Amino acid sequence: MLQIEIDHLNKHYGGFHALRDVNIAIKQGSFVALVGPSGCGKSTLLRTLAGLEKTSSGDVRIAGQSVIGKPPRERDVAMVFQSYALYPHMDVEHNMNYSMRLKRRPKDEIIERTRAAAETLGLGNLLGRLPKALSGGQRQRVAMGRAIVRNPKVFLFDEPLSNLDAALRVHMRSEIRKLHERLKATSVYVTHDQVEAMTMADHVVVMRAGVVEQQASPLDLYDRPANKFVAGFIGSPAMNFLPATAASNGVVVLDSDGAQRIELKRGFNSGLKLWVGMRPEHLSWKPGSNDIAIDATVTSIESTGSMTFVLVELAGQPVVVAHSGRPETNKGDNLRLYIAAENVHIFDRDTELTL
Amino acid sequence: MKRYILLVIGLVMTAIYLFPLYWMYLTALKGSTEIFQYPPTFWPADPRWNFLEIWKSRDMGRYIWNSLLIAIGVTILVTVLGTGCAYVLSRVRNVWMEIALFAILMMQVLPSSLMVTPIFVMFNQIGLLASPRIAVILAQTAKVLPLYIVLCRATFVQVPRELEEAALVDGSSRIGAFFRIMLPLARNGILVTSVLIFLQSFGEYVYARSLIAKNELQTATVGLQTFMGPNANDWNGIMTYAAIYVTPILIVFMLLQRRIVSGLTAGALK
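First to last, the sequence lines map onto chains A and B.
All you need for the working numbering is the position in the first sequence, starting with 1, plus 16.
All you need for the working numbering is the position in the second sequence, starting with 1, plus 131.
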């Protein structure tokens with residue numbers, strides 16, 4: 017069953033076209049991440065769902081009902097803000113049950129549900145504290161608590177972890193995911209961090225400049241990016257791109273160095289300008305059965321302990337190779353790298369679409 | 132060493148600044164011959180406590196009551212009219228709001244003495260001069276409202292917009308969010324600005340002098356002025372009157388000074 021349907025949604029700020037014909041369907045109980053670089057419209061889209069932004073055209077339906085023109089309070093959505101937006105003059109308990117007090121729920125129910133939410137989030141002994149007396153992580157939990165006490169149709173998260181330190185962020189990531197699995201409520205999660213999106217979501221929507229570039233499951237995005245932008249955005253370190261030109265019978269010649277040829281056994285129009293994309297972790301030292309061999313020169317080596325990033329020059333272009341463990345190679349060495357043919361991504365250089 | 136020099140300079144400047152105040156209290160306590168003595172004395176040789184006498188003979192209770200009435204009326208009117216206006220000006224950002232804000236600031240520039248003639252003519256025509264204290268309240272409200280709006284707006288600007296949005300998503304209406312989230316958070320700024328408005332209106336002179344004809348409806352500032360004449364010599368009485376009038380204001384200011392300073396600079400939140 018579909019919980020949220022976004023239909024040909026457009027949003028203009030004066031002359032600026034912030035959302036361009038956005039179409040997204042979100043299943044009930046799924047966890048969807050909206051991801052993209054800053055200014056791509058992901059927060060605007062989330063705020064549109066919440067009712068904090070007006071739409072210019074198109075339709076948004078929550079649980080089958082159009083919510084266009086409805087104020088936030090008639091949408092039954094809860095939102096966790098990046099800055100947490102806790103009411104500074106209310107203690108944790110009153111922050112959490114403000115929504116229920118507005119709805120004039122019976123007193124026992126308010127107390128009961130506030131307590132239950134506080135227990136879930138480990139805030140039981142902080143109920144009497146004011147937000148200013150809480151740490152960043154605790155504030156984040158209160159903001160979550162404020163959302164879950166309401167038991168809403170949809171949870172909206174606007175970069176909720178970006179103000180936390182790295183360790184806490186990783187911890188809260190799995191906490192939020194666990195919470196989602198228990199509550200089974202539909203969640204829409206905005207982030208600029210593709211790792212967060214990949215690890216938390218069932219469905220990832222990649223946006224750029226107000227346009228949905230691709231939406232798919234995390235692994236689909238990784239394996240089958242629709243275009244060069246998605247390919248470069250998903251995965252860390254980012255995919256290497258090399259300019260190339262198609263030759264006859266499925267051979268691609270890397271530019272700036274006519275000698276490097278990649279035999280793909282896929283047909284392209286001869287002379288077509290291309291981008292060849294190779295993920296750092298797919299380039300390897302050891303040859304496999306159907307691998308393509310490429311020659312390169314090591315320019316520098318960065319080791320993180322478990323992983324080593326070897327920067328090489330390949331056909332005159334800088335390329336990163338990710339290697340688990342410690343390769344026996346030195347600066348200036350000539351290498352022969354191997355990559356499986358199915359791991360080579362080819363994009364049209366004009367349209368940037370995957371071929 | 133540098134700190135002490137700065138401290139001394141600060142003390143000297145404060146002394147110069149506060150000297151008239153000191154002189155006022157001093158003169159209020161001196162006898163009439165001691166006032167004109169040369170060289171002057173800096174501590175009364177024979178202090179006289181004639182505060183009660185002046186209070187009674189000058190009918191100060193009535194004057195101060197009128198001043199209070201006008202100051203309270205102005206403060207209430209200004210807070211009720213200005214708070215919502217300040218909030219809107221802090222939230223809506225476009226060219227028209229910039230123009231409105233500029234117009235408001237321009238109104239602040241016009242002095243009372245310039246405005247009083249047209250106001251007098253207008254109030255006379257609509258019959259407002261029959262209730263002169265209300266006329267003064269209205270004129271003074273128009274005078275101080277811009278100041279209130281500009282200062283209050285600064286307070287509202289500091290309350291993060293997301294708090295209001297959180298309230299809206301939580302199920303509040305816009306009005307509800309204003310009263311239950313924005314107002315409590317801007318409370319300090321509103322309070323401090325209101326006190327400033329109150330004190331300013333308590334010392335209002337030009338409008339009261341021009342719009343109020345009957346002596347029994349006059350304010351304390353105008354009452355003080357009745358002492359002064361071409362042959363004024365009751366300096367002791369004048370200063371006693373001034374001391375009685377100013378002391379409550381000074382006490383209020385001292386009690387609230389920390390809040391006033393922080394309210395005007397850093398703002399009320401955090």
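Where hints are given, some of them may not hold.
Stated by the list, open to error - Mimicking EDC-like on lysine to aspartate or glutamate, the simulated pairs with C-alpha atoms at most 20 Å apart in a straight line are: (1) A:K169 <-> A:E90; (2) A:K347 <-> A:D366; (3) A:K148 <-> B:E293; (4) A:K302 <-> A:D349; (5) A:K70 <-> B:E293; (6) A:K148 <-> A:E90; (7) A:K70 <-> A:E21; (8) A:K281 <-> A:E318; (9) A:K86 <-> B:E165.
Said to hold, decoys possible - Simulated DEER-style distance windows between Cβ atoms: (10) B:L314 <-> A:K200: 49 to 57 Å; (11) B:W227 <-> A:S316: 55 to 63 Å; (12) B:N225 <-> A:T367: 33 to 41 Å.
To be verified - Covered stretches of chain B, as calculated for chain A (at least 3 residues, CB under 8 Å): (13) 290 to 300; (14) 344 to 355.
It is worth saying that the hints were derived from the structure and are not from the lab.
Computed from a prediction, not measured in an experiment: that's the story for all the values here.
Glycine is no exception: its CB is placed at the ideal position from the N, C-alpha and C atoms.
Do the hints match the structure? See the list:
{"no.": "1", "hint": "A:K169 <-> A:E90", "in the structure": "holds (11 Å)"}
{"no.": "2", "hint": "A:K347 <-> A:D366", "in the structure": "violated (35 Å)"}
{"no.": "3", "hint": "A:K148 <-> B:E293", "in the structure": "holds (16 Å)"}
{"no.": "4", "hint": "A:K302 <-> A:D349", "in the structure": "holds (16 Å)"}
{"no.": "5", "hint": "A:K70 <-> B:E293", "in the structure": "holds (16 Å)"}
{"no.": "6", "hint": "A:K148 <-> A:E90", "in the structure": "violated (30 Å)"}
{"no.": "7", "hint": "A:K70 <-> A:E21", "in the structure": "holds (16 Å)"}
{"no.": "8", "hint": "A:K281 <-> A:E318", "in the structure": "violated (34 Å)"}
{"no.": "9", "hint": "A:K86 <-> B:E165", "in the structure": "violated (78 Å)"}
{"no.": "10", "hint": "B:L314 <-> A:K200: 49 to 57 Å", "in the structure": "violated (38 Å)"}
{"no.": "11", "hint": "B:W227 <-> A:S316: 55 to 63 Å", "in the structure": "holds (57 Å)"}
{"no.": "12", "hint": "B:N225 <-> A:T367: 33 to 41 Å", "in the structure": "holds (39 Å)"}
{"no.": "13", "hint": "290 to 300", "in the structure": "holds (count 8)"}
{"no.": "14", "hint": "344 to 355", "in the structure": "violated (count 0)"}
Consistency note: the structure conflicts with the earlier hints numbered 2, 6, 8, 9, 10, 14.
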